[in-house]
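Following the hints, put chains C, V and D in place on chain F, whose structure we already have.
Residue numbers (our numbering), protein chains in the order written: chain F, 1 to 384; chain C, 385 to 768; chain V, 769 to 1152; chain D, 1153 to 1536.
Don't read these hints as lab results, they were simulated from the structure. Where a beta carbon is used, it is the ideal one built from N, C-alpha and C, also for glycine. One thing to keep in mind: the hints can contain errors.
List time: in silico SDA-like cross-link candidates among lysine to any residue, alpha-carbon distance up to 25 Å [as the list claims (entries may be wrong)]:
hint : chain 1 : residue 1 : chain 2 : residue 2
1    : F       : K154      : C       : K764
2    : D       : K1199     : C       : T639
3    : C       : K446      : V       : D864
4    : V       : K1046     : F       : N250
5    : D       : K1214     : F       : E92
6    : D       : K1199     : C       : K446
7    : F       : K62       : V       : K1036
8    : F       : K58       : F       : R182
9    : F       : K270      : V       : D864
With the Cβ distance kept under 10 Å, some of the chain D side facing chain C (calculated, not the full set) [claimed, not checked]:
hint : residue
10   : K1214
11   : F1217
12   : I1218
13   : V1403
There are 4 protein chains.
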Amino acid sequence: MRKISLVITARSSYTKYKTILDNLINKKNIKIDIVCSGSALIDKFGKVEDEIIKDGFKIGKKINFILDNDEDDRPGKELSMAIFNFSEYFKEQKPDMVTVMADRYEILAPTISAAFLNIPIVHIQGGELSGNIDEKVRHAVTKLSNIHFPATTKSMQNIIQMGENKKNIFKTGCPSIDIAKRTIKNKKKLSFDIYKKYGGVGSFPNIENGYIIVMQHPVTDENKRSGKQIIETLKAVSKINKPVIWFWPNVDIGTDGISTNLRIFREKTKSKNFHFIKNMNPYDFLELVYFSNGIIGNSSCAIRECSFLGIPAVNIGTRQNNRERGPNVIDVGHDHKEIYKAFNKITSKKINKSIIYGDGNAGKRIADKLEKVILVSTKKFISL
Amino acid sequence: MRKISLVITARSSYTKYKTILDNLINKKNIKIDIVCSGSALIDKFGKVEDEIIKDGFKIGKKINFILDNDEDDRPGKELSMAIFNFSEYFKEQKPDMVTVMADRYEILAPTISAAFLNIPIVHIQGGELSGNIDEKVRHAVTKLSNIHFPATTKSMQNIIQMGENKKNIFKTGCPSIDIAKRTIKNKKKLSFDIYKKYGGVGSFPNIENGYIIVMQHPVTDENKRSGKQIIETLKAVSKINKPVIWFWPNVDIGTDGISTNLRIFREKTKSKNFHFIKNMNPYDFLELVYFSNGIIGNSSCAIRECSFLGIPAVNIGTRQNNRERGPNVIDVGHDHKEIYKAFNKITSKKINKSIIYGDGNAGKRIADKLEKVILVSTKKFISL
Amino acid sequence: MRKISLVITARSSYTKYKTILDNLINKKNIKIDIVCSGSALIDKFGKVEDEIIKDGFKIGKKINFILDNDEDDRPGKELSMAIFNFSEYFKEQKPDMVTVMADRYEILAPTISAAFLNIPIVHIQGGELSGNIDEKVRHAVTKLSNIHFPATTKSMQNIIQMGENKKNIFKTGCPSIDIAKRTIKNKKKLSFDIYKKYGGVGSFPNIENGYIIVMQHPVTDENKRSGKQIIETLKAVSKINKPVIWFWPNVDIGTDGISTNLRIFREKTKSKNFHFIKNMNPYDFLELVYFSNGIIGNSSCAIRECSFLGIPAVNIGTRQNNRERGPNVIDVGHDHKEIYKAFNKITSKKINKSIIYGDGNAGKRIADKLEKVILVSTKKFISL
Amino acid sequence: MRKISLVITARSSYTKYKTILDNLINKKNIKIDIVCSGSALIDKFGKVEDEIIKDGFKIGKKINFILDNDEDDRPGKELSMAIFNFSEYFKEQKPDMVTVMADRYEILAPTISAAFLNIPIVHIQGGELSGNIDEKVRHAVTKLSNIHFPATTKSMQNIIQMGENKKNIFKTGCPSIDIAKRTIKNKKKLSFDIYKKYGGVGSFPNIENGYIIVMQHPVTDENKRSGKQIIETLKAVSKINKPVIWFWPNVDIGTDGISTNLRIFREKTKSKNFHFIKNMNPYDFLELVYFSNGIIGNSSCAIRECSFLGIPAVNIGTRQNNRERGPNVIDVGHDHKEIYKAFNKITSKKINKSIIYGDGNAGKRIADKLEKVILVSTKKFISL
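Same shape as in the complex, but just chain F (with noise of 0.2 Å):
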């Protein structure tokens, strides 16, 4: 009997997980332990913790940690109070390994306390490259795990080339790519209305013949300009003559200024293209992509998901730096100018779709992979 607690800590995290917890869920000798965490929780974000429970999985512990100001300190506090928690919960639950989700700062928390714990850590989506502080926390955690799931054949040679055994690394795809399949099969057209099931605020643009879709998070290291970079993206994308689902930021430092523009854009032009949503269900999400004119911002699904699913993409600034791309990605800086250009050119042609992510069977290959692979604690730097 393995006991795997699985540590989400937020939509993105959740999504992937999703296809791994369905694989996991009937096999016999392994007992499911959720643990979800940060703005999993929390009602702006969307409260994934209700969904979770939704979707018939059962939470064994909360662990809340989101602070409620934007001192540059907070990321910092943050990790402390979730690894108080993360390490007392460990400790006393004992289980035979931890699973964590990609590159979030705020997985460094679990996977620190089950470091010092001395337990067996899996590593879902390392190896890859990014800009910024996220480059740091996902090597970091690299180094603190013990097995690792790279999604791509270039991620799992970064991981080698970090030191890591290659007896412990297995290259499975990246399972966000798994949901996007299975989301658009047999689908022809949205099927359902966005504005009756989620709401929202702005105006109700009707989207029938097309409409673009906007994510700009915020860049922990850029905090201070989100407020400016968000504004060059409001000036490209209302120029832009389609309907326009714009999605409110997640919860990094740097939030407030986003959502500020944001808010005022909306009072001020009270644009009849705009419309702004907080949160969706990710199947519902991944529809809207697929039958989407393109999408702009730093979301990495333009990345990933769009890459299989062949939707254009603009990607904006350095949130995405470093990852690889598929032929369906044009990148631009902070630019209103930029952004427009780029889009009306990865829109004019034809875009081939890529299994550089995965081929839709991560999932599964992860669950075989976690009931099976020989559970190690320590480490030996491999020299190349």
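Then chains C, V and D, alone, in the frame of chain F:
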């Protein structure tokens, strides 16, 4: 004007900082901010704090985080407390850079705190290899740091392999060798009376005709076995018919298992050869080592300084696994027969001195670099 | 030279500190150390921090502790964080005395921190009676404090009854009355345009011919019912055919239940009479109250300042239970009919002004005492 | 079914809980939840945890908060950690009531945590008077609690004076008297060999013809003087020509000053009369007291149990200030001459037994009340 926060968390880290500080103190464009933390503040670990002040340096901030219990979640909770304080302190002080030393678990706290404040982090002595949790900590700190001062050629290569940029890596040698070199200069015999100067408990054997040193610390992920392990060492050392200067263990988890058994041994055997000492001024310690017949245990000194000094060493167990060794070391397991046999073997031959860990000028090299190195707080993974 | 740490944790506490600080600032043997904390640091609660600085005072330390969740253990965990910081800060700063204001839950943090450092604690506005958790907090703070500045005769008697020494108790009146007195001096009508100066959302009714004010905060131990409670008030106020200036609730637990319902009401009814405001400079607020036709809700202002100003008030629910009242107040339950009826009754008669809460010189009295009171940090229970 | 969380934080509190638990354990509608915390979990303070388990009770949660330093902010930071854990635990467990014992600083943590969760709080042994910080803690806990079980008539009156409702106050006697009564029943002489059973250090004097007991703890707000104070006691006791059983001090701040001087004394004088013991099973301790010639120090046992047992006591310093006394006590300052003189005086006369602290049935009375008392979590101040 460059403001540097130097984080000292234990006696071992202060010893290595000493020649760096001696070289920094007169640089006009450097403002030194010493953060004294962890066991460096605590009486029973020799209160390095007092020594720093006596050496003429000013302490900018004291950060306490040591908990008094032997629960497995202690290191995690200590990190939690430390991160809270370091994050707030660095936010308020805004240093231009933060330096952290080597691989004790607590250095994750200032490293993480500085990383999320986008303060450039300098890691001294990264890239080395060892066993156990230190191995995770050291490399995670490398991936969170921006500038690296490895001691050896091999450790520099390891840092490069992990994807760090060569431009930010400077091989300096280990400053502990500076201290070793300085200390033995012009010395013909032990310059102090160890019993008068350091007191201690147990017997007071005559050490004029030779003696051995024992220093064995707990190994974090073997903390439950620390008692058994020390018993083997006690057995072996009892058979060596020489005066023994034995040092109490450091504060890592498992320390109680060691100290309890040392106390039992002392009170039961009342051996005429054993003297127990808490802590020692690092200069005196190096002298003591230099004039000894050999050192037994798992101290890094046996590997590092003793290679330069040419002192025979028996290294027990996994704590120093994978570190580079000079010709002065024999490695053994926790077995009293092995320990005894190895001691006889290594002390019966001539030892050649080695400079793999430095030539005695590391402090100056590091100080000069701290003054002038180009500061960066972001990272980019360099593929080989 | 006497160093006083004055702890400001919210807008309401700063308003009361204002005339104390105005009187302290010129005393030569007093060193003022303002600790700004909690909701006083947060944007969405009006960031009193900025106002303090604008008023010419220097903030010695910022202590953040507000968490972003709606769990029941939030106040406890916030106190935990606050005590950690206050304890360390007072240890480092060694103030000669610490002052805390009134009865918000967070004042337990500086009070406990100072108590265990044997620093004399001055409690302003103890001894009053109310319902709910404030009642526990206020009297616990009294028993942890050394010197007391109650506002009223009755509250002074209560402090004596609790066993405190008469020599350490000084009835001063409430400094909020100072502000009220100062504000209305020579005013004939509202001196500012509320919409221009404070923005806000909702409609913008003409308030020249009268208006009412609503301010209803969550009640900690009724936090689950905060939504239902506000709905009753909304119903009642909707029936009163007057412009309404409605203030968003404070940050106490239950705040989400109120703000969500205010948003729903606003977006659904789009009433022409309702205008919503976040926060207001305390001077402006008092003017607004002074020229209003009455105040509804559970704000302490309705009980305290309005008794001095002679403004009709409908006090809803338990939040102000047991406070002394002037002739301007009618108390009602959370029932829309009761609220509506009480409003008509109290606004139909002439209100006599009262000085039970002070004569407008409390700030000077308190500042003079802070300068000269004999400092004690120990206690002795005085039996009656 | 009533679920009660009983908070045990030290040996002294467990001793008092013992007969309560013995009486609760068989009540069918009571679910016992023991929270074991603070020094009750730590080896060097006798690990009461093990004893609780040996006595057949189950520990529901362990809450560690003891820090390892001698900074003045240690108690504050320990409370911070404890409140964090207690708040989360009570939130998750939702007990129907929480009980806290007496006046050690750490009981503020569960009391505050429960108060903000609106859980009814039962305070056992409130209303007594003493000096120092305990005096602040005890009465603050009274004002945060809902139901009171004072030990004596005077303490009941004090609680009433503080404004608590008589309906929620029940004089029960002190359960430590239960233990005293039970222990001495049918005993003619010491039933165990103290040296065999408890080991300890120092000499091993023959105690068959009488002996004295010393137990002197640090006083929190005199912690800097703890060393000087213990030296006076050592001098006085040295002059009394009788075997001495001396107990190591508890963990309060200042403990190092005492234990260091005890060690120095022991190693320097090597007196034939002094034996030092860490901790003792409370039953054995009471027997030891009962058959002794007298007790010296500042332990509450000298005041409470010894009044019932009729044992002569010299009470030193301020720690027991203001407690009610039976005819067995003489109070003195920290002066070796006074101590010596008082000891001779009190041991030269016949002592009358007293039941001011209870008749030996407190545990049963408390258990019965816990089962049936009407639960309230709100408060109303009752004016006299």
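To see whether the hints hold, each was checked on the structure:
no.	hint	in the structure
1	F:K154 / C:K764	15 Å, holds
2	D:K1199 / C:T639	17 Å, holds
3	C:K446 / V:D864	22 Å, holds
4	V:K1046 / F:N250	24 Å, holds
5	D:K1214 / F:E92	10 Å, holds
6	D:K1199 / C:K446	30 Å, violated
7	F:K62 / V:K1036	34 Å, violated
8	F:K58 / F:R182	23 Å, holds
9	F:K270 / V:D864	56 Å, violated
10	K1214	8 Å, holds
11	F1217	8 Å, holds
12	I1218	4 Å, holds
13	V1403	8 Å, holds
The earlier numbered hints that this structure contradicts are 6, 7 and 9.
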